[in-house]
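**Q** Residue numbers (our numbering), protein chains in the order written: chain A, 394 to 657; chain B, 2 to 153.
Please note that the accuracy of each hint is not assured.
Computed spacing ranges between beta-carbons, pair by pair [unchecked claim]:
1) ASP81(B) to GLY548(A): 21 to 29 angstroms
2) ALA40(B) to PRO572(A): 33 to 41 angstroms
3) GLU16(B) to ARG480(A): 53 to 61 angstroms
4) ASP81(B) to SER656(A): 36 to 44 angstroms
5) GLU525(A) to VAL39(B): 22 to 30 angstroms
6) ARG432(A) to GLN19(B): 42 to 50 angstroms
7) GLY460(A) to ARG111(B): 46 to 54 angstroms
Note that these hints are calculated values from the structure, not bench results. Backbone N, C-alpha and C fix where the C-beta goes; we use that ideal spot for every residue, glycine too.
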Amino acid sequence: MPLNIRTYHDLTEPDRSGLAGQIGAQRRRVAERLATVARVGAVMSGKGGVGKSFVTAHLARALARAGRAVGVLDADLNGPTAPQLLRLPVAGCTSHDGAIEPAVSPEGVRCFSMALLLEDGRPLAFRGPEAESFVWRGTLEAAALREFLADVAWGRLDLLLVDLPPGMQRFAELAELLPEPPPVIAVTIPTQQSEDAVRRALHAARDRGAPCLGVIENMAGGPFAGDAADALAGEFGIPVLARVPFHPTDDVWDALVPKVESSL
Amino acid sequence: MKFLCVECDRQMAFEERQLPGDGTLAAAFRCPQCGRVVALLTNPMETQLVASLGVKIGGATLPPQPLEMVRGMVTTGREDVFADDAKGEGGTGKGPHPIWSLAAEERLARVPGFVRGMVKRIYADYAKDRGIAEITPTVMDTARNELGLEGM
Numbered sequence: 394m395p396l397n398i399r400t401y402h403d404l405t406e407p408d409r410s411g412l413a414g415q416i417g418a419q420r421r422r423v424a425e426r427l428a429t430v431a432r433v434g435a436v437m438s439g440k441g442g443v444g445k446s447f448v449t450a451h452l453a454r455a456l457a458r459a460g461r462a463v464g465v466l467d468a469d470l471n472g473p474t475a476p477q478l479l480r481l482p483v484a485g486c487t488s489h490d491g492a493i494e495p496a497v498s499p500e501g502v503r504c505f506s507m508a509l510l511l512e513d514g515r516p517l518a519f520r521g522p523e524a525e526s527f528v529w530r531g532t533l534e535a536a537a538l539r540e541f542l543a544d545v546a547w548g549r550l551d552l553l554l555v556d557l558p559p560g561m562q563r564f565a566e567l568a569e570l571l572p573e574p575p576p577v578i579a580v581t582i583p584t585q586q587s588e589d590a591v592r593r594a595l596h597a598a599r600d601r602g603a604p605c606l607g608v609i610e611n612m613a614g615g616p617f618a619g620d621a622a623d624a625l626a627g628e629f630g631i632p633v634l635a636r637v638p639f640h641p642t643d644d645v646w647d648a649l650v651p652k653v654e655s656s657l
Numbered sequence: 002m003k004f005l006c007v008e009c010d011r012q013m014a015f016e017e018r019q020l021p022g023d024g025t026l027a028a029a030f031r032c033p034q035c036g037r038v039v040a041l042l043t044n045p046m047e048t049q050l051v052a053s054l055g056v057k058i059g060g061a062t063l064p065p066q067p068l069e070m071v072r073g074m075v076t077t078g079r080e081d082v083f084a085d086d087a088k089g090e091g092g093t094g095k096g097p098h099p100i101w102s103l104a105a106e107e108r109l110a111r112v113p114g115f116v117r118g119m120v121k122r123i124y125a126d127y128a129k130d131r132g133i134a135e136i137t138p139t140v141m142d143t144a145r146n147e148l149g150l151e152g153m
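Pulled out of the complex, with its shape left as it was, chain A reads as follows:
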């Protein structure tokens, strides 16, 4: 005779652990922190080495030059480069009113990155059992992203750019943490291989309900053959926001600002 056991959802008595409530509180903390941020935008590719961080940093600097309040959240936890690209001063972190102050670039871009926290040259490593670390490492990285959103004093921003690492996992985590999936800017280089990877990423973003603002072709006019940006733009019905040459001047980035702003 099987035991008559009620299901999880049948049990409705008060639960002191309240794990679901704790998760809900985390989400509210993110929403409250970002209440002063007008827009969040994700810069993604799906392909490594195409210059997402380079594009993010220069776009942020151009936005700041145009008088916008802009932030960069470096979501590439294992290969963070935003502080260098934004020329952030090396300094300790200070907290105020329960939040960590972001670093600020000479142009006024507010930024937070794992690179600000890690010892020089050391990888991101977590305390915990090494065996089966694949089970919990991804969850820890998602929690780090959550804390970067919720615990950094971003203040009033016109735009918070999130620089995503290659692949789509971090985008899925970001979309889960925000009240709604963020609009994405895709970065590609001209090659067919990059086009294939970015196509997958754009489909993944669209499947999550994220608006795709456009595609930026980086390293254009150089040794890489192909028409990835045009092909992706045509396929997804999105504009080519910029073709960035190998050695772009500020003009290239400044011209990108109104295009990004009008697409948001």
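Since the structure of chain A is provided, determine the placement of chain B on it from the hints.
**A** Same frame as chain A, now just chain B:
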């Protein structure tokens, strides 16, 4: 995660949490009807998985600390990055500032600098809120269990 006393058909209530310090966790649950107690024992990987969600079995007992999970779990952080935080001596809790026994200070000194300031403030707040005048290793052990401060 919930526990059901099948015999009484009652949801069991969280009773107590213990962190022996070896990465494992014990959480006891009691049936409100018959009083039977069962213990949930997690291995280090399971403990880590729960911790990585930023939740605590038995409920959160502390207000959220900024970058709490990152500071508590990252082992390759710069020692001096939160140096200013370490200057926050007595915490923000109510009551007079507690003093630290020599043994407690020695134990605190073994906590990585990356997280030391936050840990110090948590223990100081714990002591102030309970009117504890001196923080000793015993107080730290009790606080660690009560607050669920695995690895701190």
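**Q** Compare the structure with the hints numbered earlier in the document and write down the numbers of the violated ones, lowest to highest.
**A** As far as the earlier hints go, not one is violated by this structure.
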